[in-house]
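Novice: Read off the chains here:
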Amino acid sequence: MAVVPMKRVTIAALRKDRKKIMEFLQRRGVMELHNNIPEDEVFRKYDMSDGRQTFLRNRGRAEQALAVLDAYAPEKKGLLASFEGRKPITVEEYEKGIRERASTQELCTRILDLDKEYAELSAKIPREELEMSALEPWMSFDLPLNFSGTRHTSAFTGTLPGQQTQESIALQFEELEPDLPKDITILSSSPEQTCIFAVCEKQDSARMKEALRRMNFAAAPLSAEVPAQARKNLEKSIEDAKARREKVREKICELASGREKIKFLIDYLAMRAEKYDTISSLSQSSRVFFVEGYVPADSCAQLEQDLVSSYDVVFEAEDPAADEEVPVLLKNNGYAAPLESVIESYALPGRGEFDPSFVTSLFYYALFGLMLSDAAYGILMAAACAFVLIKFKNMEEGTRKTMKLFLYCGIATIICGFLFGSFFGDAVHVIGSTFFGKPEAGLKAIWFEPINDPIRMLAFCFLVGLIHLFTGLGCKLYMNIKNGQILDGIYDVVFWYMLVGGAVVYLLSMKMITDMFRLSFIFPPAVGKAAAVIAVIGAVGIVFTGGRESRNWGKRIAKGLYAVYGVTSYLSDLLSYSRLLALGLATSVISSLFNKMGSMFGGGLFGAIMFVIVFLIGHALNIAINALGAYVHTNRLQYVEFFGKFYEGGGRKFRPYKATTKYFKFKEDI
Amino acid sequence: MANLGFVYALVGAVAAALFAGIGSAIAVGRAGQAAAGVVAEDASQFSKVLILQLLPGTQGIYGLLIAFITMSQIGVLGGSADMSTAKGLAYLAACLPIAFVGLISAFAQGNASIAAIGLVAKDPGQFGKAMIFPAMVETYAILALLVSILAIFAIPGLTI
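Protein sequence lines correspond, in order, to chains Z and R. Per the working numbering, residue 1 is the first one in the first sequence, and the count goes up by one each step. Per the working numbering, residue 1 is the first one in the second sequence, and the count goes up by one each step.
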């Protein structure tokens, strides 16, 4: 349980080794880089962003290609695939991937070209289908649509607006060109348009054209083919395009076997881009370059040894100065490690603070268990987490920790569930009495059932709260002592212990209070009196020291009085733990509600089937909502009530320079 | 007038489920709109904003809880429905904390949730803190729930 001590490391090396050393550091992933060396005539920073841009562009293409593959040949993924984590890669695979880099890039280009072809073909098909439907009215015409006449005649093929008949057309010609010799054939007619074929003598061509124009004649789409033939051609072309499109699709699907290679390329290029980005921040002369940064003390010696044995480097490690802002890395044993993420989402320990993971772990799981407090829910949670943990060995570190967190929370829930006699609520009793005629059946609580004695549970919750709060105060004392501020420890912690602890003991010597909480014991008056004296001493101490940063005594006492007023916050903090009771009751009452609803259909087969349905849906809902509630409120008790007593945080997370990859895990020994 | 006591008690139970449920439904609905907006921009935030959306939903459950305990005690779910008017009024009074605090705290918590969803949208790393802000509001719903529960459990023992 601790914040990992850091060393400030400076590495000076030759520029010819730059690529190898930077790659080595990236794969090792134990150093956070901080270059503070100012630029001067000899040492300056080199801008490598051009190279980086190239890598990023290529990566973008590879990502596009992968997206194409995913669209045509989706990867089969299980429901739990998100737990799988990145695949570790061996040295041979890594080197093979680098050798095949060029061919993989070609593969990406081919995939993108094929995708483009597919898109073009896909656009062509509806276009030709449209052309085909435009030919539909001309089907009865057995000449090409651009037929313009013979040696002595002129022919016009086209459409007139609206539905026309021979008579209506003749009538119109009567008005426009009464004595024009002509022959009109109606090819087809619909309410929108009428397709006609008009023939006249060649010398009348101009008159005919003019007459038709005034009748709003529109020429047919030009085509050198007979419509029926044109349609046949189009049909063939569409079929052809469809077949080609299918072939392209197949080709892309065939290329899907290169998916892993493309993923490798994406990761590799991302890594290279990151390296270039980092190199841009290094101080370099024409021959030498510097790397500065922080390394966890326990990895420092190994790193030095590995670097010095392979390259000509100067490796210097020193303890960071006291006022330096050192990045924070937490390291804990298996029991407390899952809580690092909980700590991190509050704040990492700041300067002079210790890692609260362990002390948090003493309470976190128990508080969660008290709030969910159903043995069956606990078993389900723990079993699901254990299954995932065992099945997916490759899980990412963060996911693994979360799973472990819920595994431990589940175990605590099992314990609390049996203590308070809840297994799917009162399912044992309901099933026993409804289906087996044994109303005396039921899971006996090891301790007691809160639903029958809520006041007792409330008293227990306040006790848990008091222990939790006092532990928080204890942490503050520990921190004060560690930082050599023993007097502050007495003023801020011991006086409060006296005041709050004395007050609690004094209250417990009053009959009214013990009756209210139905406690079986009561402190004798003498103890109560002594406790009251202690509390008063504590209060007086706080009045005199609570405002000690002020020099003016008047101000100081006023501030001290205000500090004593802070005792009300202890009251509200303590009351806040009543949520343990409320949420615990919520779980058990709601599950009883579902059990009762299920049993309303009575015994027998139908009743049993309905019971199972209601039972499954109801308890699934209940476990989801109450587990969420338990999680949120456990965090709240930790963050607000517990951390509020001693922990501020403000540290910066340790972000080592490493390979940030998406698909593969590059192991250190590559 | 013996049966009127039962009516008062039932009104209390229904009010608990009714008001707390209305509050939660509206609050979760509004938080859901905000959450959907975030997911439209960044689908990977789904699980986080879903949790934040659900936070103001607990008031409705607390209301249901009180309604259920009350109903099972007054005999709606089987048993005799006979009680004095005073007892009925006592049940009604006991249901009021979660009915009203549930309704209003759900609104307030819904607003805090929406703000927290906005916070996660801007900085997903702050999820732990974002979750705490709406949870602070819930404290008061829990306190009201507690008062309702303690009162209801105490009523059968009263000789009124």
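Hints are computed from structural coordinates only; laboratory data are not their basis. A hint or two may mislead.
To be verified - Straight line, CA to CA, 35 Å or less: simulated DSBU-like cross-link-like pairs of lysine-lysine:
id: 1; chain 1: Z; residue 1: K559; chain 2: R; residue 2: K48
id: 2; chain 1: R; residue 1: K122; chain 2: Z; residue 2: K16
id: 3; chain 1: Z; residue 1: K662; chain 2: R; residue 2: K129
id: 4; chain 1: Z; residue 1: K242; chain 2: R; residue 2: K129
id: 5; chain 1: R; residue 1: K48; chain 2: Z; residue 2: K76
id: 6; chain 1: Z; residue 1: K401; chain 2: R; residue 2: K48
id: 7; chain 1: Z; residue 1: K391; chain 2: R; residue 2: K129
Novice: Straight-line Cα separation of Z:K391 and R:K129 no greater than 35 Å?
Specialist: With a Cα-Cα distance of about 32 Å, the restraint between Z:K391 and R:K129 holds, given a limit of 35 Å.
Novice: Are Z:K401 and R:K48 close enough, with their CA atoms no more than 35 Å apart?
Specialist: holds (17 Å)
Novice: Does the alpha-carbon distance linking Z:K662 and R:K129 stay inside the 35 Å limit?
Specialist: Answer holds: Z:K662 to R:K129 is near 27 Å, not above 35 Å.
Novice: Given the hinted pair R:K122 and Z:K16, is their alpha-carbon gap at most 35 Å?
Specialist: Violated: R:K122 and Z:K16 sit about 43 Å apart, past 35 Å.
Novice: Is the hinted pair Z:K242 and R:K129 satisfied, with a Cα-Cα distance of at most 35 Å?
Specialist: Judged against 35 Å, a Cα distance of about 55 Å means the pair is violated.
Novice: Are the Cα positions of R:K48 and Z:K76 separated by 35 Å at most?
Specialist: Given that 35 Å is the threshold and the Cα spacing comes to 26 Å, the pair holds.
Novice: Check the hint pairing Z:K559 with R:K48 against an upper bound of 35 Å on the C-alpha distance.
Specialist: The given pair, whose Cα atoms are some 42 Å apart, is violated under the 35 Å limit.
Going through the hint list in order, the structure does not satisfy hints 1, 2, 4.
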